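Number of protein chains: 2
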Amino acid sequence: MTLKSADPAFLDALSARLPADTLRRPDVRYLEEPRGRYSGQAAAVALPRNTQEVAEIIQAAHVGCVGVVPYGGGTGLVGGQVMPEGATPILLSLERMRKIRAVYPQENVLIAEAGAVLAEVQAAATDAGRLFPLSLAAEGTAQIGGNLSTNAGGVNVLRYGNARDLCLGLEAVLPTGEIWHGLSRLRKDNTGYDLKNLLIGAEGTLGVITAAALKLSPIPANAGTAIFTVRDPAAAVELLAMVRDAVGEGVSAFELIHRQGLDFLAEKLPELRQPFDPRPEWCVLIELGLGKGQDAEDALADLFGHAMEAELAEDGVIAQSEAQRQSLWAVREHIPEANRLIGSVSSHDISVPISRIPKFIPAGWKAISELDSSLRINCFGHLGDGNLHYNVFPGAGRSRAEYDALRGEVKRIIHDLVYDYGGSMSAEHGIGRMKVGDLERYGDPMKLAAMRAIKQALDPHGIMNPGAVMR
Amino acid sequence: MTLKSADPAFLDALSARLPADTLRRPDVRYLEEPRGRYSGQAAAVALPRNTQEVAEIIQAAHVGCVGVVPYGGGTGLVGGQVMPEGATPILLSLERMRKIRAVYPQENVLIAEAGAVLAEVQAAATDAGRLFPLSLAAEGTAQIGGNLSTNAGGVNVLRYGNARDLCLGLEAVLPTGEIWHGLSRLRKDNTGYDLKNLLIGAEGTLGVITAAALKLSPIPANAGTAIFTVRDPAAAVELLAMVRDAVGEGVSAFELIHRQGLDFLAEKLPELRQPFDPRPEWCVLIELGLGKGQDAEDALADLFGHAMEAELAEDGVIAQSEAQRQSLWAVREHIPEANRLIGSVSSHDISVPISRIPKFIPAGWKAISELDSSLRINCFGHLGDGNLHYNVFPGAGRSRAEYDALRGEVKRIIHDLVYDYGGSMSAEHGIGRMKVGDLERYGDPMKLAAMRAIKQALDPHGIMNPGAVMR
Numbered sequence: 148m149t150l151k152s153a154d155p156a157f158l159d160a161l162s163a164r165l166p167a168d169t170l171r172r173p174d175v176r177y178l179e180e181p182r183g184r185y186s187g188q189a190a191a192v193a194l195p196r197n198t199q200e201v202a203e204i205i206q207a208a209h210v211g212c213v214g215v216v217p218y219g220g221g222t223g224l225v226g227g228q229v230m231p232e233g234a235t236p237i238l239l240s241l242e243r244m245r246k247i248r249a250v251y252p253q254e255n256v257l258i259a260e261a262g263a264v265l266a267e268v269q270a271a272a273t274d275a276g277r278l279f280p281l282s283l284a285a286e287g288t289a290q291i292g293g294n295l296s297t298n299a300g301g302v303n304v305l306r307y308g309n310a311r312d313l314c315l316g317l318e319a320v321l322p323t324g325e326i327w328h329g330l331s332r333l334r335k336d337n338t339g340y341d342l343k344n345l346l347i348g349a350e351g352t353l354g355v356i357t358a359a360a361l362k363l364s365p366i367p368a369n370a371g372t373a374i375f376t377v378r379d380p381a382a383a384v385e386l387l388a389m390v391r392d393a394v395g396e397g398v399s400a401f402e403l404i405h406r407q408g409l410d411f412l413a414e415k416l417p418e419l420r421q422p423f424d425p426r427p428e429w430c431v432l433i434e435l436g437l438g439k440g441q442d443a444e445d446a447l448a449d450l451f452g453h454a455m456e457a458e459l460a461e462d463g464v465i466a467q468s469e470a471q472r473q474s475l476w477a478v479r480e481h482i483p484e485a486n487r488l489i490g491s492v493s494s495h496d497i498s499v500p501i502s503r504i505p506k507f508i509p510a511g512w513k514a515i516s517e518l519d520s521s522l523r524i525n526c527f528g529h530l531g532d533g534n535l536h537y538n539v540f541p542g543a544g545r546s547r548a549e550y551d552a553l554r555g556e557v558k559r560i561i562h563d564l565v566y567d568y569g570g571s572m573s574a575e576h577g578i579g580r581m582k583v584g585d586l587e588r589y590g591d592p593m594k595l596a597a598m599r600a601i602k603q604a605l606d607p608h609g610i611m612n613p614g615a616v617m618r
Numbered sequence: 148m149t150l151k152s153a154d155p156a157f158l159d160a161l162s163a164r165l166p167a168d169t170l171r172r173p174d175v176r177y178l179e180e181p182r183g184r185y186s187g188q189a190a191a192v193a194l195p196r197n198t199q200e201v202a203e204i205i206q207a208a209h210v211g212c213v214g215v216v217p218y219g220g221g222t223g224l225v226g227g228q229v230m231p232e233g234a235t236p237i238l239l240s241l242e243r244m245r246k247i248r249a250v251y252p253q254e255n256v257l258i259a260e261a262g263a264v265l266a267e268v269q270a271a272a273t274d275a276g277r278l279f280p281l282s283l284a285a286e287g288t289a290q291i292g293g294n295l296s297t298n299a300g301g302v303n304v305l306r307y308g309n310a311r312d313l314c315l316g317l318e319a320v321l322p323t324g325e326i327w328h329g330l331s332r333l334r335k336d337n338t339g340y341d342l343k344n345l346l347i348g349a350e351g352t353l354g355v356i357t358a359a360a361l362k363l364s365p366i367p368a369n370a371g372t373a374i375f376t377v378r379d380p381a382a383a384v385e386l387l388a389m390v391r392d393a394v395g396e397g398v399s400a401f402e403l404i405h406r407q408g409l410d411f412l413a414e415k416l417p418e419l420r421q422p423f424d425p426r427p428e429w430c431v432l433i434e435l436g437l438g439k440g441q442d443a444e445d446a447l448a449d450l451f452g453h454a455m456e457a458e459l460a461e462d463g464v465i466a467q468s469e470a471q472r473q474s475l476w477a478v479r480e481h482i483p484e485a486n487r488l489i490g491s492v493s494s495h496d497i498s499v500p501i502s503r504i505p506k507f508i509p510a511g512w513k514a515i516s517e518l519d520s521s522l523r524i525n526c527f528g529h530l531g532d533g534n535l536h537y538n539v540f541p542g543a544g545r546s547r548a549e550y551d552a553l554r555g556e557v558k559r560i561i562h563d564l565v566y567d568y569g570g571s572m573s574a575e576h577g578i579g580r581m582k583v584g585d586l587e588r589y590g591d592p593m594k595l596a597a598m599r600a601i602k603q604a605l606d607p608h609g610i611m612n613p614g615a616v617m618r
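These protein sequences, in sequence, are chains B and E.
Per the numbering used here: the first sequence = residues 148 to 618.
Per the numbering used here: the second sequence = residues 148 to 618.
Incorrect hints may appear among the rest.
You can't tell identical chains apart in this list, so a pair holds if it fits in one copy or across any two.
Derived lysine-lysine pairs resembling DSBU-like cross-links, with alpha carbons at most 35 Å apart [unchecked claim]:
# : residue 1 : residue 2
1 : Lys151    : Lys594
2 : Lys506    : Lys439
3 : Lys151    : Lys513
4 : Lys439    : Lys513
The set of hints was computed from the structure by calculation and includes no laboratory data.
These numbers were taken from a predicted model, which means no experiment stands behind them.
When you get a sec, could you build the whole thing from the sequences and use the hints?
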């Protein structure tokens, strides 16, 4: 089915079905994305107040064969929220649907509308004495509907899982404009296909999530943070196993940091206090969140002793106060800012099976240095999830523009290597429009065929987020 | 598309494509199911040795429009593994594909072929110093492929989740006979629709799982078991929150037991030692699995003290030895056997949001006693998951046959009430063929429409497990 542009006749007819001020001309902010690679186009932005209005909008678009681009907080990094070409779509923003509909502390469940900002969801959980563990840099802007549609990751995946793992049920409008009432609060419900997980991570191409039943967790009673230096990534992987053996699920984060990141910090953010002098080749940040009656600092001290004995750790800093904990986390959290100030040639959101990371990291170094020995690599990230930010930078004193001609080859070399190692070229950001070609290149052909069949079955007119995930 | 019976011409042609002895006449054991409600029919049972042979079989069935009924360990309780009517299908058993292909202790991952028996998977994990936490009564017979196809539950769901939550990747043959190579060991991989979770819980109607990458966990260093008496289910729900606040993820099981179950045990299994005399109206079994340096007995003693102070618990037994732990678990584990010896009028595998359980339980009692005041209810199960076995029994000294005329009404009353309370009529057993009508009655119509569209898209000839889940 060929999509049509949202023309004045379509917009007038849709407007007549909706309360005043539901359709607007789109501000420019709806047509941009954070990396500035795409400019969107849209005939209007629809701002419904409730699920029924969302259904009216989608149904009209289905009948009229008009594309609908769901727009959450606009923080996605792969262009899923902007449509630069093709028949002019409408944007659909659920920013007016941001209620916390209910909190059930006894059940560890919270029901939020899709337009609720992630930080608001976290705060509502905290108010109920619970933790909503999804946490990521854009949490002050990103909306929970977008987090679910993209299966967001973040810093707590090791312990609590991705957005997918934090959702019990959904309310959604399917591409024909019909409402699926699936806001289950049940932990066990084996009644048919898993439509919930199909919509989560579909990036708005199979419907629009309008509300979600979210899993909460207890707030860990005793948290502790440490940074240990390690010989190499192999030692870091062994240390992770040791930590897990000692505290089980009590390890909340396990982040790998390379000297290149510490060097960038020293160069660009010299006021930031670093834990080691001289700066070590590799270190790991460990966060524990333990229950009542357990002492996280003692547990970290025990771990450090065992790690020294096993020759896995060489030096270490264990935070003795909340201020010190924040100071250690600041090292990890400012690496992306230092990276931005340096300016990468190419950034890669990759994952690799954890046991293969020790070989993958040097293999990538070797391949990139063979391409151009001046390139520098800052490799850091969520080692506990096998998710690395494997980012390639210009040589010292040189600019990223000097490497424009190499960028495509750098990306190809890293992604090819990732697949040789059984990994993924999109660990947490999704496909959007930026990685559609990568998915065609690296994806399993049978999975892609199944995806196309499912898309055609649920969205026969192809109106939902056209061009995202698949052509 | 109308299905055809697997006639001699089809079987001969298929045989010619496969090694000798791959197709056999089906033993009677393949045509029975544990509850004896259905007798299956099949022209042959196919026993492939590898994924390529599975693909050959499915492809031939797709081209020939012949039904394929996947048969795992045969332990399903809803008739998903037997097809009593319609064009004669072939059965597909993966019992020859039972290899543990690989174990990655550092990654907490194990790759098993679908025909591996669950107990074999558990043992392979234990050999690697890890825990595969899926655990259920049929684990000595059930196969991991069937566990995943039905999204099995069991006793450790509270802590570790359902089968779905224990799977990282799948290899599967889709209904057209093509192989999806999706055996990812990645914790984070956002590259397109979640085909894995679509196949898990689809009960063999969308393809055949041939192998799975499974998540392992550390073995908890210190386990402890206790039974506390509680005033009523409301106190049990409050106690669960208290336990979670104290030990976080350290609570592995939280099982509710009613006096009716203890009475049945006393009547039918009098040699079994019971923890309390007189038998209490309600009690809960609590299992903790804590990390190194934590004492589970001490934690349970602390909990008991706090629960007494809060007037949630009245009496308690904390196991002081492994023998005592087993003795407490034996009480819980023998209740189903006592139930079988009594003989239920109707059994219900239900779930309800946890906070509504305190009102649901007496509402069910009231409704059933209004139907027939002689009926007895034994309500017990996985309170931590909101999953109850809410089983209705004959009056004392009467037989189940006396209530044959009431059975349908009993089931209807319970299931209607479950849906009034936002629950599910199949918490862990699935739909199979037994609950197809219930799914039509209680399922969301839009979800059912989406399921039909997905089924048609992926299995256009309707060959996979015809008549299961949907008509």
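Checklist entry - Which of the numbered hints are not met once you compare them with the structure shown? => result 3, 4
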